[in-house]
Amino acid sequence: MQEEKHNLAEHDISYTPYLFIWISLLALTSITVTVAGLDLGNYTLVVAMSIAAIKSALVINIFMHIKFEDTIFKVFIAISFFTLSVIFILTFLDFLYR
Amino acid sequence: MSSTEIINTHEVHRDDVGARMGMWLFLFTELLLFGGLFLVYAIYRFKYPDQFQAAAMELNTTVGALNTIILLTSSLTVALSIAALQKGKRVLSIALLGITDILAVAFMINKYFEWSAKIHHGIYPGSEHLLSLPDGQILFYGLYYIMTGLHALHIIIGLIFLTIVMAFVYTGSVNKDSFVKLENAGLYWHLVDLIWIFLFPLFYLLQ
Numbered sequence: 001m002q003e004e005k006h007n008l009a010e011h012d013i014s015y016t017p018y019l020f021i022w023i024s025l026l027a028l029t030s031i032t033v034t035v036a037g038l039d040l041g042n043y044t045l046v047v048a049m050s051i052a053a054i055k056s057a058l059v060i061n062i063f064m065h066i067k068f069e070d071t072i073f074k075v076f077i078a079i080s081f082f083t084l085s086v087i088f089i090l091t092f093l094d095f096l097y098r
Numbered sequence: 099m100s101s102t103e104i105i106n107t108h109e110v111h112r113d114d115v116g117a118r119m120g121m122w123l124f125l126f127t128e129l130l131l132f133g134g135l136f137l138v139y140a141i142y143r144f145k146y147p148d149q150f151q152a153a154a155m156e157l158n159t160t161v162g163a164l165n166t167i168i169l170l171t172s173s174l175t176v177a178l179s180i181a182a183l184q185k186g187k188r189v190l191s192i193a194l195l196g197i198t199d200i201l202a203v204a205f206m207i208n209k210y211f212e213w214s215a216k217i218h219h220g221i222y223p224g225s226e227h228l229l230s231l232p233d234g235q236i237l238f239y240g241l242y243y244i245m246t247g248l249h250a251l252h253i254i255i256g257l258i259f260l261t262i263v264m265a266f267v268y269t270g271s272v273n274k275d276s277f278v279k280l281e282n283a284g285l286y287w288h289l290v291d292l293i294w295i296f297l298f299p300l301f302y303l304l305q
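Chains as they are written, first to last, in the numbering used here: chain X, 1 to 98; chain C, 99 to 305.
By construction, these hints were calculated from the structure, which means they are not laboratory data. In this text the structure is predicted, and so the values were computed from the model without any measurement. Treat the hints with care, since some could be wrong.
Output of the computed footprint for chain C on chain X, the stretches with three or more beta carbons under 8 Å from beta carbons of chain C [stated by the list, open to error]:
| id | region |
| --- | --- |
| 1 | 13-23 |
| 2 | 27-33 |
| 3 | 53-64 |
Backbone N, C-alpha and C define an ideal beta-carbon position, used for all residues, glycine too.
Using the sequences and the hints given, assemble the complete structure.
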């Protein structure tokens, strides 16, 4: 059955991917600190948030094992992020064009 | 056919996927809790960009970066602890959870000194010095204390959660074949890390 492939206990257990992700997260942190020191004007926030989003994706997929979970977990996460972004967009539309 | 058989089927019933899903549903409520605060931050930063920047100059980037490294490393040790238990290395798993706890305490000590320094400089909600500043700066520090404070509260809860699960691993009720409690404690800890990933650039990297 599909079940077995998705079972957390079934995927190959190794320490290396976690160490690799950790090093990537530290590297991204140093990049974000360095970039903050440069004067990029309005792009500073965009760059900082993009890097934070990449770091989040790494944590969610690997540390939180979403990569190996059933599809329904990914659907749930997508819906919750979508809901949050709708709240942000609607609030900003109200704020800007009131 | 006998009554023992019925009892046995009851004992065997387990739904790890359901348990993890329950944890995720809880994490979504946390996302909305912090999401609301991030929304308030976004609106006011948009309204007072210069004052937010001026206020953020007071924050210590080094302390923030150090805490980021501490939290990212603690996420690693939790993930490794689960992997170690899956491989049946109970002692290593407990040791890694112990390191996670130490890192959590280190984070809180850092936070203590950071907040103490701010309060010492007269910057705390309702202080005379803070109220003499422009509105945007008051809002920045209000959000700073609420958001990092709520996050610090989550660190303390996560620390307790991880320590309880560590005791379960020690007694063997959480083991190689049944580790969903450790997995869920790990999920909570990673969420705390995720929130910090956003808090750090928004508060400490405004230059």
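Consistency of the hints with the structure:
1. 13-23: This one holds; 7 residues, not fewer than the three required, reach chain C with a Cβ under 8 Å.
2. 27-33: holds (count 3)
3. 53-64: holds (count 7)
Comparing the model with each earlier hint shows no violations; every hint is respected.
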